[in-house]
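Residue numbers (the numbering used here), protein chains in the order written: chain V, 1 to 132; chain U, 1 to 132; chain Z, 1 to 132.
A portion of the hints provided could be inaccurate.
Stated by the list, open to error - One-sided and incomplete, this derived list gives chain V residues near chain U with beta-carbon spacing under 8 Å:
#1 R26
#2 E43
#3 R47
#4 E54
#5 A62
#6 L67
#7 S68
#8 L70
#9 P97
#10 K99
#11 F102
#12 L106
#13 L115
#14 A117
#15 V120
#16 H125
Simulated from the structure, these hints should not be mistaken for lab results.
Beta carbons: idealized from backbone N, C-alpha and C, even for Gly.
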Amino acid sequence: MILVHLIVVLALIQFIVFGILVGRARGQYGVKAPATTGHEIFERYYRVQMNTLELLILLLPAMWIALSYLSPAWISLAGAIYLVGRVVYLRAYVKDPSKRAFGFGLSIMPINALLIAILVGVGMHYFNGVPI
Amino acid sequence: MILVHLIVVLALIQFIVFGILVGRARGQYGVKAPATTGHEIFERYYRVQMNTLELLILLLPAMWIALSYLSPAWISLAGAIYLVGRVVYLRAYVKDPSKRAFGFGLSIMPINALLIAILVGVGMHYFNGVPI
Amino acid sequence: MILVHLIVVLALIQFIVFGILVGRARGQYGVKAPATTGHEIFERYYRVQMNTLELLILLLPAMWIALSYLSPAWISLAGAIYLVGRVVYLRAYVKDPSKRAFGFGLSIMPINALLIAILVGVGMHYFNGVPI
Numbered sequence: 001m002i003l004v005h006l007i008v009v010l011a012l013i014q015f016i017v018f019g020i021l022v023g024r025a026r027g028q029y030g031v032k033a034p035a036t037t038g039h040e041i042f043e044r045y046y047r048v049q050m051n052t053l054e055l056l057i058l059l060l061p062a063m064w065i066a067l068s069y070l071s072p073a074w075i076s077l078a079g080a081i082y083l084v085g086r087v088v089y090l091r092a093y094v095k096d097p098s099k100r101a102f103g104f105g106l107s108i109m110p111i112n113a114l115l116i117a118i119l120v121g122v123g124m125h126y127f128n129g130v131p132i
Numbered sequence: 001m002i003l004v005h006l007i008v009v010l011a012l013i014q015f016i017v018f019g020i021l022v023g024r025a026r027g028q029y030g031v032k033a034p035a036t037t038g039h040e041i042f043e044r045y046y047r048v049q050m051n052t053l054e055l056l057i058l059l060l061p062a063m064w065i066a067l068s069y070l071s072p073a074w075i076s077l078a079g080a081i082y083l084v085g086r087v088v089y090l091r092a093y094v095k096d097p098s099k100r101a102f103g104f105g106l107s108i109m110p111i112n113a114l115l116i117a118i119l120v121g122v123g124m125h126y127f128n129g130v131p132i
Numbered sequence: 001m002i003l004v005h006l007i008v009v010l011a012l013i014q015f016i017v018f019g020i021l022v023g024r025a026r027g028q029y030g031v032k033a034p035a036t037t038g039h040e041i042f043e044r045y046y047r048v049q050m051n052t053l054e055l056l057i058l059l060l061p062a063m064w065i066a067l068s069y070l071s072p073a074w075i076s077l078a079g080a081i082y083l084v085g086r087v088v089y090l091r092a093y094v095k096d097p098s099k100r101a102f103g104f105g106l107s108i109m110p111i112n113a114l115l116i117a118i119l120v121g122v123g124m125h126y127f128n129g130v131p132i
């Protein structure tokens, strides 16, 4: 369980760092709040942060619920792959947004795997007569 | 509990599908990343996804905490109404954004109900002397 | 535990209120969906809501996991400071976006404190031989 906690905290810290990069890009490229457009490179950093937010809302509940069906080691592995995927995504997106697919796939793949594992677990519990 | 897990996973999969629709609309209407504007129909799909993100951050903790105060059957019913509400919202918004209110109401109503149930439950626990 | 539940529900209700303010600003300043730009004051309210979403995805899991390492009273205090910080942030941002730093700091500071407490807790558990 403490490994799962560690991975979740790392995912949250990574998201904070992505937010800091957006703030830095605001200054660097002269995009004043409340604007979120106006300079291509700023927009790339901003989209990386938003896309990461969209994945976190999937990853965190998936990791949490998976604890009822999978060992913490597998869940932590999924989270670790996500963390690496996000770094790949950030680097690719900022360099060239059209190259973002691989990093995105690498970070959503473990989320999909967790969701499938939960569905299988729910199905097995149901057929074994666990009360709904 | 497995029914609540199932409903949460369905809400997450629904959000992934909304994301896929945004990606498809990017290609269809020629809105290249990192832009999120440039074609009205793309923007409608994008706003549906963002609005769903805003509701998920409410729904998921509300369902989770409600487990301390409500039966899983009621919580699952709330989640199921949310799921239907989101489909209504998607269809209405993409057709005509000014018609989005009913689907929005249908998907936030069960969230409000869960929040009220938690507040009542917290209040009852407090007056029954449950330690804070 | 019921105090932590109460604080989480208050944070969710606060986010709903911020969403209502965005909706009201839509009407007031004539920004029709799906647009999220077009009037400076609307954009300020919208950015307050989005920034709050970015913090909620940090705060909620941090509060949850912290329950394994900290007393509910400390976690509730962190959440209460966050709530105040968000009100300060809203008022400052809508008045003048360049003055938003203090409110932002006040609302992310308790999140950072929770994350650090979790990291310390995980480390102590690990060195005390708690299985990962």
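Restraint: V:L67 near chain U, CB-CB cut 8 Å. Satisfied or not? Since the shortest Cβ distance to chain U is 11 Å, the answer is violated.
Going by Cβ atoms only, is V:R47 closer than 8 Å to chain U? Since chain U brings a Cβ to about 4 Å from V:R47, closer than 8 Å, the hint holds.
Would the stated hint for V:S68 survive a check requiring a Cβ distance to chain U of less than 8 Å? holds, 7 Å
Interface hint status, V:V120 versus chain U (Cβ within 8 Å): violated, 11 Å
Holds or violated: is the Cβ of V:E43 closer than 8 Å to a Cβ in chain U? Holds. Min distance 4 Å.
Supplied contact hint for V:H125, tested at 8 Å Cβ to chain U: holds, 5 Å
Checking hints one by one. Is V:L115 an interface residue toward chain U, by the C-beta closer than 8 Å rule? At 6 Å from the nearest chain U Cβ, V:L115 passes the 8 Å test, so the hint holds.
Does the closest beta carbon of chain U sit nearer than 8 Å to the beta carbon of V:F102? violated, 14 Å
Interface hint compliance - V:A117 to chain U, C-beta minimum distance less than 8 Å: violated, 10 Å
When the least beta-carbon distance from V:L70 to chain U is tested against 8 Å, hint result: violated, 12 Å
Given V:A62 was flagged as interface, is its beta-carbon under 8 Å from a beta-carbon of chain U? Interface hint status for V:A62: holds (7 Å vs cutoff 8 Å).
Double-check V:E54 for me: the hint is only fine if its C-beta lies closer than 8 Å to a C-beta in chain U. holds, 6 Å
The structure shown violates the earlier hints numbered 1, 6, 8, 10, 11, 12, 14 and 15.
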